[in-house]
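Chemist: Listed below, chain by chain, are the residues.
Protein chains: 2
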Amino acid sequence: MGKTLKLTPIGVIHSSYTDPADIHPLRSRFTKGTIEIFQEYTKGLKDIEGFSHIYVLWHFHLSERVDLLTSPLMELKPKRGTFATRTPHRPNHIGLTVVRLVKRSKNILHVKGVDMVEGTPVLDIKPYTRRDRRSHIRLGWLEEVERRER
Amino acid sequence: MGKTLKLTPIGVIHSSYTDPADIHPLRSRFTKGTIEIFQEYTKGLKDIEGFSHIYVLWHFHLSERVDLLTSPLMELKPKRGTFATRTPHRPNHIGLTVVRLVKRSKNILHVKGVDMVEGTPVLDIKPYTRRDRRSHIRLGWLEEVERRER
Chain W
1 MGKTLKLTPI GVIHSSYTDP ADIHPLRSRF TKGTIEIFQE YTKGLKDIEG
51 FSHIYVLWHF HLSERVDLLT SPLMELKPKR GTFATRTPHR PNHIGLTVVR
101 LVKRSKNILH VKGVDMVEGT PVLDIKPYTR RDRRSHIRLG WLEEVERRER
Chain Y
1001 MGKTLKLTPI GVIHSSYTDP ADIHPLRSRF TKGTIEIFQE YTKGLKDIEG
1051 FSHIYVLWHF HLSERVDLLT SPLMELKPKR GTFATRTPHR PNHIGLTVVR
1101 LVKRSKNILH VKGVDMVEGT PVLDIKPYTR RDRRSHIRLG WLEEVERRER
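Chains as they are written, first to last, in the working numbering: chain W, 1 to 150; chain Y, 1001 to 1150.
What the hints contain is simulated information worked out from the structure, not anything from laboratory work. For each residue, glycine too, the CB sits at the ideal point set by N, CA and C. A hint or two may mislead.
What the hints assert, rightly or not - Cross-link-like lysine-lysine pairs, in silico, DSS-like; alpha carbons within 27 Å at most: (1) W/K112 - Y/K1003; (2) Y/K1103 - Y/K1043; (3) W/K79 - Y/K1043; (4) W/K112 - W/K43; (5) Y/K1103 - W/K43; (6) Y/K1006 - W/K3; (7) W/K106 - W/K43; (8) Y/K1103 - Y/K1032; (9) W/K103 - Y/K1077.
Stated by the list, open to error - Far from chain W, by Cβ distances over 12 Å, these chain Y residues were calculated: (10) I1010; (11) S1016; (12) Y1017; (13) T1018; (14) D1019; (15) S1105; (16) H1110.
With the hints as constraints, model all of the structure from the sequences given.
Modeler: As structure tokens, this is what we get:
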């Protein structure tokens, strides 16, 4: 069903987290870290410092399985569909995080909002634009969890 | 520099666009289309209908080159760093779009905001959450272009 494609990391995350279990989805919003882009790609970072926020696409390199149903961190039952969660144990194991770009020093991006562990392979960097800001969002099962925790 | 990883599409985009040149970044916000998730992954869509917006990660399958500097659609000069744009001609050729989820019918997602061509391979679907909504964003060179077009 569809052709395989091959990806090669363009960089690596440096983070104070070494264990995914220590990463809390809300607290990590303020966690600082750096993204080292491999030197052969540095040229592609031109103009990035104009953007306050960027997307990081990365590889859940520690996950060795794929689940189609999963128990998200905050609740155990019922299981949720994997595509309705941000679980690592997903087809293709791609992670996505919006981070605040604080500073760029050559091939190093200093960012805030790191929810990846040290050594995580980076696959792409994209600017966060107006089209990515959506209002009046509905959050399905996540809203139920938030209501319960209040 | 970093291990290669292999990805397999989980679905395919059905779109009225057949030529990438017809896709306008602003007009496509209202373009309808469907995402067909291959049946072996249907179970992973459970609970997705609770979310108003989803991320689609997809493959720029028509691009055969990688540029590190690029001339975005709206302006020709100066060239911008590829990671400061959403150009297809990027390392790893991954596309990212936020779409509005209108309806789900089994393994078919009816969405609004399609900026992909017919037959585009889909790599992942993720829910759009509060963490993905950022305010006070700065848009670098894009802001200059918008100012000039006003």
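Chemist: Next, verify each hint and record whether it holds.
Modeler: Hint check:
no.	hint	in the structure
1	W/K112 - Y/K1003	holds (26 Å)
2	Y/K1103 - Y/K1043	holds (16 Å)
3	W/K79 - Y/K1043	holds (11 Å)
4	W/K112 - W/K43	holds (22 Å)
5	Y/K1103 - W/K43	violated (42 Å)
6	Y/K1006 - W/K3	holds (10 Å)
7	W/K106 - W/K43	holds (9 Å)
8	Y/K1103 - Y/K1032	holds (11 Å)
9	W/K103 - Y/K1077	holds (25 Å)
10	I1010	violated (5 Å)
11	S1016	holds (19 Å)
12	Y1017	holds (16 Å)
13	T1018	holds (19 Å)
14	D1019	holds (21 Å)
15	S1105	holds (15 Å)
16	H1110	holds (15 Å)
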